[in-house]
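Undergrad: Take a look at the letters that make up each chain.
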Amino acid sequence: MKRRQFLTFAAAGLGSMLIAPRIVFANVETDRRFVFIIQRGAADGLNTIVPYADPAYRGLRGSLAIEDPIRLDGMFGLHPSLGGLGKLYQDKQALFVHAVASPYRERSHFDGQNVLESGGASPYERRDGWLNRLIGLLPKSRGEAIAFAPTIPLALRGEAEVASFAPSVLPDAADDLMIRVGKLYDADEQLHALWSSAMEARALGAETAQRSDAASVGRTAASFLAKSDGPRIAMVETGGWDTHSGQRNRLANQLRALDMLIDALRAGLGDAWKDTTVLVATEFGRTAAANGTGGTDHGTASAALLAGGTVNGGKVLADWPGLTAAALYEGRDLAPTLDLDALIAATAAETFGLDPRETMRMLFPAGRFSSTISGVVKI
Amino acid sequence: MLTEARLAHPTEVAVALNRFGLGARPDEQAPADPKSWLVAQFESYQANPAAFAGAQGSAALGAGYAEAANEAKNADAAEKMAALKTARQQARALYRDEVDLRVRASLDTPAPFVERLVHFWSNHFAVSAEKPQVTMMAGAFEREAIRPHVLGRFEDMLLAVEHHPAMLLYLDQASSIGPNSGFASRAADRKGKRKPGINENLAREIMELHTLGVRSGYTQADVTEFALALTGFGIGRARYPETAGGAFAFRPALHEPGERTIMGETYGQDGQQQPLGVLRDLAAAEATATHIATKLARHFIADDPPAAAVARLADAFRRSKGDLVPVYRALIGSPEAWRPAPAKFKTPWEWTISALRGLGLRDFDKPRLAQLLNQLGQPVWRPGSPAGYDDVGGSWAAPDALLRRVEVAQRLAAQIGDIDPRELAQKLFAGPPGDMTAVEVARAESQRTGLALLLVSPDFQRR
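Protein chains in written order, with the working numbering: chain A, 2 to 380; chain B, 250 to 712.
Bear in mind the hints are in silico, worked out from the structure with no lab data behind them. One or more hints might be untrue.
[Said to hold, decoys possible] Computed far set for chain B versus chain A, every beta-carbon distance over 12 Å: (1) 584; (2) 642; (3) 659; (4) 689; (5) 692.
[Stated by the list, open to error] Sample of chain A residues lacking proximity to chain B, with all beta carbon distances greater than 10 Å (derived): (6) 59; (7) 199; (8) 275; (9) 325.
[What the hints assert, rightly or not] Example chain A residues on the side facing chain B (calculated, C-beta under 10 Å, incomplete): (10) 158; (11) 200; (12) 243; (13) 369; (14) 373.
Ideal placement from N, C-alpha and C gives every residue a C-beta, glycine not left out.
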């Protein structure tokens, strides 16, 4: 078994692998694919994997509460926009992890994303990303790892060479940016008036466009990853998760787009889907309670999603802290009970048959290995 | 003694960088003394920066075009069409390259204030790249007629402009013929031919736009007389005697003989000394000083410039006899230009250049800038009118224009790697940006969104 082979090497000593991976693994290849989808902007875990049976949920969320989730088990349900993932869950190809967070405990997007992507314990501690370090643990495949983004995101930056691919025509400015620009112009009489009329003129077509964009990103990524000599590791960036206002519709659109992205990946990968692990994660979650503007603010723990033919799916992994006032982190956020770094390390290690402790040590040097999270992916 | 540097207020640094200059660059040290920084640029400005090496001059371009036209002369209709199509394509390709050169010079310049003045004057003496010949020469026009004189005398710039083939072609001067000239009398002998005559276009625009200003006292009779005086200003061709193909040539055979009276002044000179005399008087006219002062004040101070500042600049212009550096010094010395609140809404050109500079770029491939500025509503050197682009916010601040800037900002920010927009904001405004901008940029969901927001923030839309 090929994967067993490099498990041995991984345990033997990582230094030699980093220096001459080509020599060590000249003929060893993996069929496994790993796709990391980052949700920039702090995705709302509580309305993605909905704790519908938690007695405090409806009270906290008010009109934002999801009334008709796709039931997963006695505790959790999926947001109704995630029909494709619901199907994968039934087929035991999707696994959801709740109340999970990186080591970062403040609430700045940039800093939070920096910690999530670098794998450091605090922002700006490291200049390279865990996904790049993961490449160093693997045999050299013929295709470089690839970012489906105009520039290389931090998670993929580092010693290993990485490609990037972005469609030449970028989509219209994202809804999120539009909303922020609107806020930025609120106090400016001239710009506010101009912007309001621009927004009125802007057609409703934006929503449809967003979804077709997501599907096309999924298809594009699949077309690279499906090739036998193509990349084995890829990263896809998604934005627009920072739903301070208008969350009901915006999150529904965001999740529908994510669902279509994953579905397009699945469809496009064909046979290779059975060797694929997709991990979706965000920098932190959102407040347990709805705010005064039909949205939620920056929080702490969120949910992570795993999908793919390799996944030991059909379950929700959570050490549920509950949503009572006393249970909330700092009285406002879902409390983190699982470590996102450990989840990432376990997922990566199991996907590629690497030693889990060594993988944790390389990807998240400041983190602590935990055996709580294991068996998420079929080895 | 307390140096001025210690007294410099952060907003003055920001004004120097963004209102006088082309926008702060994160990789350049903010000036300690904003005013000395501006003055020092009179020394550091490069009229002919290295980036321009290899760019073609207007004479070569014009001669090449004339040659191609001559070759196509005896061809059949289909071949002529094909030749015209090729000429247009070549002109557009040259134009796009020239736009890239202009952008590169603006990103890389040691003297952004003077580069801004180049753009100002180029727009004051606007040609519009519509005819293929003007399209391909627009960049050369700015290099040859504007750049060498931007720190010189207004009269010299005026003469360079009105002698330039791009201007002569744009405003049809090259085909203006004195009705009593030698050429016209010979043509009259050949019956049935259209009677040659003058074209007033250039003469009118020189008075209305380049020098005196509209409604400043000249009459239609003055325009006609001036147009007669200007006959003979044309472009050389290989087959004309004593002319260089493609370059300016005075063609005595087309010049209207006799003395001319313009605004009460009589010009009895022979040949091209006559129009030169008129141009020199126009450059030195009272109205010209006021006209130029008003436009400079509008560009650097406010859409509706304060009368005191205009008077101060006009006075400097008169006293220096059109030497421009003293006028710029008077501008730098005008307190109205240093008001901290930005009064000018950036044109698409200004916004784009400041955005590229703000992101630390020095070169730029994609999308092509010519195309980008077209999308933003201000194609370079193509204002569509000899009046140039409007220099008031109302012409640029429009709903769709804002939307396009947001889209472009997103596109530009997407090409940038790791820049913390919070730190960048501090550098671009030489201190903290407005409260709203600071808050929203810091709150953005990603660095890229933060950068895009910064570029479209109210603080960045204005200068």
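Undergrad: If we take the beta carbon of residue 59(A), is the closest beta carbon in chain B still more than 10 Å away?
TA: Nearest chain B Cβ is 27 Å from residue 59(A), so the label holds.
Undergrad: Holds or violated: is the Cβ of residue 373(A) closer than 10 Å to a Cβ in chain B?
TA: Violated - the Cβ of residue 373(A) stays beyond 10 Å from chain B, reaching only about 30 Å at its closest.
Undergrad: Should the hint that residue 243(A) touches chain B count as held when the rule is a Cβ pair under 10 Å?
TA: Since the shortest Cβ distance to chain B is 4 Å, the answer is holds.
Undergrad: Could you let me know if the closest chain A CB is still more than 12 Å away from the CB of residue 659(B)?
TA: 5 Å, violated
Undergrad: Residue 584(B): least C-beta distance to chain A exceeds 12 Å?
TA: It holds; residue 584(B) is separated from chain A by about 24 Å at its closest Cβ, greater than 12 Å.
Undergrad: Is the Cβ of residue 275(A) farther than 10 Å from every Cβ of chain B?
TA: Given a closest Cβ separation of 33 Å, the condition holds.
Undergrad: Tell me if the interface restraint on residue 158(A) is satisfied: Cβ within less than 10 Å of some Cβ in chain B.
TA: Because about 8 Å separates residue 158(A) from the closest Cβ in chain B, which is inside the 10 Å limit, the hint holds.
Undergrad: Could you check if residue 369(A) really has its C-beta closer than 10 Å to a C-beta on chain B?
TA: Residue 369(A) check fails; min Cβ-Cβ to chain B is 28 Å, beyond 10 Å.
Undergrad: In terms of Cβ atoms, is chain A entirely out of 12 Å range of residue 642(B)?
TA: Per Cβ check, residue 642(B) is inside 12 Å of chain A; nearest 8 Å; violated.
Undergrad: Minimum Cβ separation between residue 692(B) and chain A greater than 12 Å?
TA: Its Cβ does come within 12 Å of chain A, the nearest being 7 Å, so this is violated.
Undergrad: A closest beta-carbon separation below 10 Å is what the hint needs, so does residue 200(A) meet it against chain B?
TA: 8 Å, holds
Undergrad: Taking the shortest Cβ-to-Cβ distance between residue 689(B) and chain A, state whether it exceeds 12 Å.
TA: Incorrect as stated: the minimum Cβ-Cβ distance to chain A is 5 Å, not above 12 Å.
Going through the hint list in order, the structure does not satisfy hints 2, 3, 4, 5, 7, 13 and 14.
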